[in-house]
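Peer 1: What follows is each chain in one-letter form.
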Amino acid sequence: MPYPYKKIEQADIDYIRAATAADRVWVGEEIANEYYRDEMPEYGVFPPELYVEVINKEEVSAVMKYAWDNNIPVVCRGAGTGLAGGATCKYGGIMMSVMRMNRIFPVDHKNQTITAEPGAYLVDVQAAAAAEGLFYPPDPGEKTASIGGNVITNAGGMKAVRYGLTRDFVRCIEAVLPDGSIMNFSSNVVKNTTGYSVKDLIIGSEGTLCVLTQVTLKLLPAPTCTCTLVMPFNSLEECADMVPKVLELPFVPTAIEFLERELIDIVERNLNKMFPVKEGNAVLIVMYDASSQQELDSAVEAAAEAALANGALDCFLADTPERAGTVWAVRGGILEGMKADSVAQEECDVVVPRSRIAEYVKAAKKIALSHGIRVEPCGHCGDGNIHTEMLRGPEMSDEEWKSATHASLTELYALSKELGGQLSGEHGIGNGRLEFLEEFVGPRMIQLYKAIKLAFDEKLILNPGKVVEFNKPAAE
Amino acid sequence: MKIVVCMKQVPAGTKVDIDPETGAMKRMSGDTRTNPYDLFALETALALREKTGGTVTVLTMGPPQAETMMKDAYAMGADDAVILSDRKFAGADVLATSYALSQAIHVLGDADLIICGRQTTDGDTAQVGPAIAEHMHIPHAAWVAEILDADNTAIRVRQDLVSVSQVSEIPYPCLITVDKDICVPRLPSYLLKKQTAGKPVRIMGFSNMPDQDLSRYGLVGSPTAVERMFAPPEIEKQVRLEGSADEKTERLFEILTRKKII
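Heads up: the sequence lines are chains A and B, in that order.
Residue numbers for the first sequence follow numbering that gives the first Met the number 0, beginning at 0 and rising by one.
Residue numbers for the second sequence follow numbering that gives the first Met the number 0, beginning at 0 and rising by one.
Looking at chain A on its own, in the form it has when it is part of the complex (with noise of 0.2 Å):
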């Protein structure tokens, strides 16, 4: 068994400091807190006992053998923006990040993808394919992750509905096993079924099973047109219903998200970035891509059309990028607006099939005002992955939060698994959400999916902890 784990002494400083560089590795105290914890502070906070920034796969490779050799445990770091308390260094030891890691290759036209080292960030990834006329659809809120992040962790965002997920993109893997070996998975072809697909099942393991040190991205041509529509309605249980509507019409929607006008208020308030529409207390935003005019036109006119005549108040246009721009900046500020306009934040990210959105959504709210807190459900609802947000007033106590969010996350998760849902659906399993893990999927999947962890890593040194967690150590 790999506890206790060795802790880090000056022998394993030196080394790792010769194996890459004296000024990129910090020790102690003298590792910034940020490093303590992504953007979930509530998902735990764990300080590293060194942080190093490596610059290349070798570097990776050097020190994931000297750890496994060594018995250290090494979380990989992106960014730092996931929300399941992923990157953290829950039983201290090494903090890895590949931030430096940051090239984009020039857009092969060829095979119409994108090479990217891990550290890149998404924005730059998606900037650079689209200054060469290309597309790369993946479009999580957070804009500033990495892109080894987005593939670690198969992140989603708004555009799943029509594009599909991160793993639908990704072509090949260069990655470093627990044990230093640089391994390839898949390379750059279309098709492959060459044994197990290893390089689908490492996309989305959450930083438990290898690091990455390269990726290459499936792009698309650019889509020529595109236009947002808002439709209000005079209620949350109004809008969800409308959701299989749009997706009944022959139009295949890029995105579908829901907003409430208390959510949309505090956004407005906190950061000052104002809604263009003021009807209705919920609404819902639909976004058509298309390659041509006619095709984008007679989309939006069945879009609205059906909207007016499911109840919607009317159906705005935002047919700009200036118009789209201000209705998603206020859909993207939601993360933001929330941290500030209350104390700590809870998040469900259950996913439920798209015909149960509706359902899920009228129960969630009450099951968490049933326990004393607000909340705020908010989402992609075009691909059912509704995140319910739980907001802590300065009122309630340490213990009563607790108490509350965990009797309502139960309760959430029970929901979403009796409509057929899954527990998260883009923000990960991580520590935040370990200990609903077992209840939801049950204990022979925790054995598949403990057979994987040591299949990778059976010393269990590469982010322990995470998704998958073995026997506790004696100190806990």
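Please note that a few of the clues may not be correct.
What the hints assert, rightly or not - Distance condition first, Cα-Cα at most 30 Å in a straight line; then the derived DSS-like pairs of lysine-lysine:
#, chain 1, residue 1, chain 2, residue 2
1, B, 179, A, 142
2, B, 198, B, 87
3, B, 259, B, 179
4, A, 272, B, 192
5, A, 272, B, 198
6, B, 198, A, 277
7, A, 142, A, 277
8, A, 56, B, 247
9, A, 338, B, 179
10, B, 236, A, 277
11, A, 142, B, 247
12, A, 272, A, 365
13, A, 272, B, 50
14, A, 244, B, 70
15, B, 259, A, 272
16, A, 56, A, 198
17, A, 277, B, 258
18, B, 87, A, 277
19, A, 244, B, 193
20, A, 198, A, 277
21, A, 272, B, 70
22, A, 338, B, 247
To be verified - Residues of chain B clear of chain A, computed beta-carbon distances all greater than 12 Å:
#, residue
23, 71
24, 161
25, 202
26, 252
27, 253
Keep in mind that the hints were calculated from the coordinates and are not lab data.
Note that CB positions come from ideal geometry on N, CA and C, so glycine has one too.
Chain A is fixed; fit chain B onto it per the hints.
Peer 2: Relative to the frame of chain A, chain B by itself:
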């Protein structure tokens, strides 16, 4: 209350074709869009109408293709739309443009309040609005950043004028030009778009102008001689700061200070 909003269709983006012979912008080429500043003007007008009642008329000078922009204004809630279009108006500078627009406003029976965007993204002079007011002998406030109050007799506005903010109460009739960020313009409504699909956009020409002196309009009425016109080079650049948080902060402070931003 009668509000007139002046709008202009401008080239979309920075890719502008210049006629090498005349140095003038080729308006028919490429994609067009509503001058973004004018949408703030229209929103300001529509919000005032909700408060005080009345009508909002949008007015533009340009080719008949401007109808697309005017239909869009209908879908945002404008009551009436007029395009001032005539070959005799072509090639107009600030003086001739503002004169023609002031004449058109007279034809429309004048207005209590005229609202323009602060400037256009193609001409960039920010002078047409104030010049209309001068031709009409009415007071104006340019670069209005906030409407503080308005009723059926006067409007109270705050202007941000580089180093000072000025609050003014101006009785009607008057003209204001509004800054971007004064509001978030509403989106066009599908319902209004359908309702106004058959609603005509009025076209007005030289023959409708009260002043029939041709030397006041178009190229003839424009004392401005354009020597050369070109699209400015794109100057957006990215600087990446490396180092520790302290080093980066220090470096950022140094750059911003050198550029006199702080």
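Peer 1: With reference to the structure, classify each hint as holding or not holding.
Peer 2: Status of each hint after checking the structure:
1. The hinted pair formed by residue 179 (chain B) and residue 142 (chain A) meets the criterion: a straight-line CA distance of about 25 Å does not exceed 30 Å.
2. A hinted pair counts as satisfied when its Cα atoms are at most 30 Å apart, and residue 198 (chain B) with residue 87 (chain B) qualifies at roughly 26 Å.
3. A hinted pair counts as satisfied when its Cα atoms are at most 30 Å apart, and residue 259 (chain B) with residue 179 (chain B) qualifies at roughly 23 Å.
4. The suggested pairing of residue 272 (chain A) with residue 192 (chain B) holds, with an alpha-carbon distance near 26 Å, which does not exceed 30 Å.
5. Taken as a hint, the residue 272 (chain A) and residue 198 (chain B) pair is broken in the structure, with Cα atoms around 34 Å apart against an allowance of 30 Å.
6. Restraint check for residue 198 (chain B) and residue 277 (chain A): satisfied, since their Cα atoms lie roughly 25 Å apart, inside the 30 Å limit.
7. The straight-line distance between the Cα atoms of residue 142 (chain A) and residue 277 (chain A) is roughly 27 Å, inside the 30 Å bound, and the hint therefore holds.
8. Under the criterion of a C-alpha separation no larger than 30 Å, the hint pairing residue 56 (chain A) with residue 247 (chain B) is consistent with the structure, at around 26 Å.
9. As the CA atoms of residue 338 (chain A) and residue 179 (chain B) are separated by approximately 28 Å, the hinted pair is consistent with the 30 Å bound.
10. Proximity of residue 236 (chain B) to residue 277 (chain A) is assessed by CA-CA distance (about 37 Å); at most 30 Å being required, the pair is judged violated.
11. Restraint check for residue 142 (chain A) and residue 247 (chain B): satisfied, since their Cα atoms lie roughly 21 Å apart, inside the 30 Å limit.
12. About 29 Å separates the Cα atoms of residue 272 (chain A) and residue 365 (chain A), which keeps this hinted pair within 30 Å; it holds.
13. Distance restraint check for residue 272 (chain A) and residue 50 (chain B): the Cα-Cα separation of roughly 22 Å lies within the 30 Å cut-off, and the hinted pair is therefore satisfied.
14. As the CA atoms of residue 244 (chain A) and residue 70 (chain B) are separated by approximately 29 Å, the hinted pair is consistent with the 30 Å bound.
15. With a CA separation close to 27 Å, the supplied pair residue 259 (chain B) and residue 272 (chain A) stays within the 30 Å bound.
16. Restraint check for residue 56 (chain A) and residue 198 (chain A): satisfied, since their Cα atoms lie roughly 18 Å apart, inside the 30 Å limit.
17. With a C-alpha separation of about 40 Å, the suggested pairing of residue 277 (chain A) with residue 258 (chain B) is violated against the 30 Å cut-off.
18. For the hint linking residue 87 (chain B) to residue 277 (chain A), the alpha-carbon distance of about 43 Å lies beyond 30 Å, and the restraint is violated.
19. As the CA atoms of residue 244 (chain A) and residue 193 (chain B) are separated by approximately 21 Å, the hinted pair is consistent with the 30 Å bound.
20. Of the supplied pair hints, the one linking residue 198 (chain A) and residue 277 (chain A) is violated, its CA atoms being roughly 46 Å apart against a limit of 30 Å.
21. For the given pair, residue 272 (chain A) sits about 27 Å from residue 70 (chain B) by alpha-carbon distance, which is consistent with the 30 Å threshold.
22. Among the hinted pairs, residue 338 (chain A) with residue 247 (chain B) is consistent with the structure: their alpha-carbon atoms are about 26 Å apart, no more than 30 Å.
23. With a least CB separation of 8 Å from chain A, residue 71 (chain B) falls inside the 12 Å interface cut-off, contrary to its annotation.
24. The beta carbon of residue 161 (chain B) sits about 22 Å from the closest Cβ of chain A, which is more than 12 Å, so the claim that it is off the interface holds.
25. Its beta-carbon lying about 24 Å from the closest one in chain A, residue 202 (chain B) satisfies the requirement of being farther than 12 Å from that chain.
26. Consistency note on residue 252 (chain B): stated as away from chain A, and its beta-carbon is indeed over 12 Å from all of that chain's, at 19 Å minimum.
27. At roughly 21 Å from the closest C-beta of chain A, the C-beta of residue 253 (chain B) stays outside 12 Å, upholding its exclusion from the interface.
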